[in-house]
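Given the structure of chain C, go ahead and fit chain S onto it with the hints provided.
These protein sequences, in sequence, are chains C and S.
Counting in numbering that gives the first Met the number 0, the first sequence runs from 0 upward without gaps.
Counting in numbering that gives the first Met the number 0, the second sequence runs from 0 upward without gaps.
Which residues of chain S face chain C? A partial, calculated answer using Cβ under 7 Å: (1) His-6; (2) Gln-7; (3) Phe-34; (4) Pro-35; (5) Met-41; (6) Phe-42; (7) Cys-43; (8) Tyr-44; (9) Asn-47; (10) Pro-69; (11) His-71; (12) Ile-83; (13) Tyr-87; (14) Glu-109; (15) Arg-113; (16) His-114.
Computed cross-link-like contacts, SDA-like style, restricted to lysine to any residue with a CA-CA straight-line distance of at most 20 Å: (17) C:Lys-123 to S:Leu-90; (18) C:Lys-123 to S:Ala-27; (19) C:Lys-123 to S:Gly-81; (20) S:Lys-94 to S:Glu-109; (21) S:Lys-94 to S:Val-131; (22) C:Lys-123 to S:Asp-29; (23) C:Lys-123 to S:Val-104; (24) C:Lys-123 to S:Phe-34; (25) C:Lys-123 to C:Phe-69.
I should point out that these hints are in silico values taken from the structure, not numbers from a laboratory.
Note that the Cβ used here is the ideal one computed from N, Cα and C, for glycine as well.
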Amino acid sequence: MRLLRQVRGFFGTRQEATRGVFPRQVRAFDRAYTIVGLFYACNLFAVFQYMLWWRGLSEIREIDPLWPVFWVPWLGIETAVHGIMATVVLGALAAAFLPHRRSARISAFLGLFLYHALLNSFGKIGHAWHAWILCALLLIFLPDGARSQIARSRAHRQRYLNAFWSAQAMQLVFYSMAGFHKITGVIPQMLRGEVHSFAPEALSYHIAHRLAQTESESILGEAMIAVPSLGWLPFLFAMYLQAFALWVAFRPSIQRPWALGLISFHFVTYLTMDVSFAPSVLLLGLFFLCSPFAPVELDWRRGLRDMPLFGSFFARWARLAPEAV
Amino acid sequence: MGSYRAHQMFVGVLLALYIAGGCVLRFARDTGEVFPVFSWTMFCYVPNTVTDYAVEILELNGESRQPPLPFHEARGQLTGAGVIAANYVILKLGKALEQGDVSEVSSSRELFERHYLRGSNAPVRYRVIRRVYLPLEFRRSRELIESTPISEYVYSGGVS
Numbered sequence: 000m001r002l003l004r005q006v007r008g009f010f011g012t013r014q015e016a017t018r019g020v021f022p023r024q025v026r027a028f029d030r031a032y033t034i035v036g037l038f039y040a041c042n043l044f045a046v047f048q049y050m051l052w053w054r055g056l057s058e059i060r061e062i063d064p065l066w067p068v069f070w071v072p073w074l075g076i077e078t079a080v081h082g083i084m085a086t087v088v089l090g091a092l093a094a095a096f097l098p099h100r101r102s103a104r105i106s107a108f109l110g111l112f113l114y115h116a117l118l119n120s121f122g123k124i125g126h127a128w129h130a131w132i133l134c135a136l137l138l139i140f141l142p143d144g145a146r147s148q149i150a151r152s153r154a155h156r157q158r159y160l161n162a163f164w165s166a167q168a169m170q171l172v173f174y175s176m177a178g179f180h181k182i183t184g185v186i187p188q189m190l191r192g193e194v195h196s197f198a199p200e201a202l203s204y205h206i207a208h209r210l211a212q213t214e215s216e217s218i219l220g221e222a223m224i225a226v227p228s229l230g231w232l233p234f235l236f237a238m239y240l241q242a243f244a245l246w247v248a249f250r251p252s253i254q255r256p257w258a259l260g261l262i263s264f265h266f267v268t269y270l271t272m273d274v275s276f277a278p279s280v281l282l283l284g285l286f287f288l289c290s291p292f293a294p295v296e297l298d299w300r301r302g303l304r305d306m307p308l309f310g311s312f313f314a315r316w317a318r319l320a321p322e323a324v
Numbered sequence: 000m001g002s003y004r005a006h007q008m009f010v011g012v013l014l015a016l017y018i019a020g021g022c023v024l025r026f027a028r029d030t031g032e033v034f035p036v037f038s039w040t041m042f043c044y045v046p047n048t049v050t051d052y053a054v055e056i057l058e059l060n061g062e063s064r065q066p067p068l069p070f071h072e073a074r075g076q077l078t079g080a081g082v083i084a085a086n087y088v089i090l091k092l093g094k095a096l097e098q099g100d101v102s103e104v105s106s107s108r109e110l111f112e113r114h115y116l117r118g119s120n121a122p123v124r125y126r127v128i129r130r131v132y133l134p135l136e137f138r139r140s141r142e143l144i145e146s147t148p149i150s151e152y153v154y155s156g157g158v159s
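Isolated chain C (complex conformation):
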């Protein structure tokens, strides 16, 4: 338990005031329960979209199967596609109707997992749905039961919130890993005297390379290539948002603005590089813009103080007094 406290201490800031903690927990549980239902409703919408690919997938003649669908060529591609599509559709329907049943959530995850393993078996693994799939995995561990059953017990409510938090944290882990790899990549490139991620023209190089890969066009890409330094500050800011995303799991006061920042990052990525992470935008909206842990009213003073790396600077600069515990 000491370890968990130390982890919280490292990533978090001064604890929230303990006054009113139980009513806050009840309210957070209520919101989390609603968001989980929404997640499975959105999942159903996504799966409906997948159906548009059903026929095309069943007509495929060649596949390079990932490990979860290694058995597809043995069974026959057409039969396997029908089986996987039926699993994903039935799982999504079950979880949207019964999100409080673990069996339904397991079947939703299984369907998603197999479907995306199949979809990524054509030479490249796409990453836009990873967070969605792993959220579906972590939500399996929500305690079973209707809202009123769980709401009766403080321990059950806390366990529910904990499982919900784990799905939040997993999304943030992805961003932090992406951010830290970008930062650690700077050192070898700097030593070689190359353009690196902190350089003003870094983003324009990425855009030019990405667009060259598929001879694509993007709405803002050409402008960024023409004036390479245009992307400097946005790229530095995006790296900061990504790298310190995990801290946000422990600092509820900045969850909503941080999500807005990351969503904006996805917008810019699409407008410049033609790379779409639409599922992540929806997830950030559900789990963070609507976060059950975020304060009801945006407290910018607290938010500034809780900013990773710069929080204490902002606190001094804006002369923000520390909050009483």
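Below, chain S alone, put in the same frame as chain C:
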């Protein structure tokens, strides 16, 4: 409360394992991943001088293409043109050709042709090239530092 604490520990271990797995995969595998675990090494190195592989179409719909048509410019004519996944298969194919990895060449070629090279009403003649370029210069002027053909094929299976 006991089960709550156990769950908290389980979540912590799971997240730590994912991070550790991702970091190991960054160095252990070319692609940095074993689905759905990924190192999230996206855009972590700025591409200064790029060496990669591309496909150029020499004959499409019964017509010879001179100069050769870059594969991704055949949008609307070939199923994989403009698709990023097709590009990854081309990279794999080019790398395997240069390394003399016969089985990888065969499987990548089969996947590329049967999945991404469909749509022509006559056999498609194409070549794989190795190219070296500076991304910004290439995007502005389409200038390559180096372009070397490494193999040429004809695919007749995808005739529509």
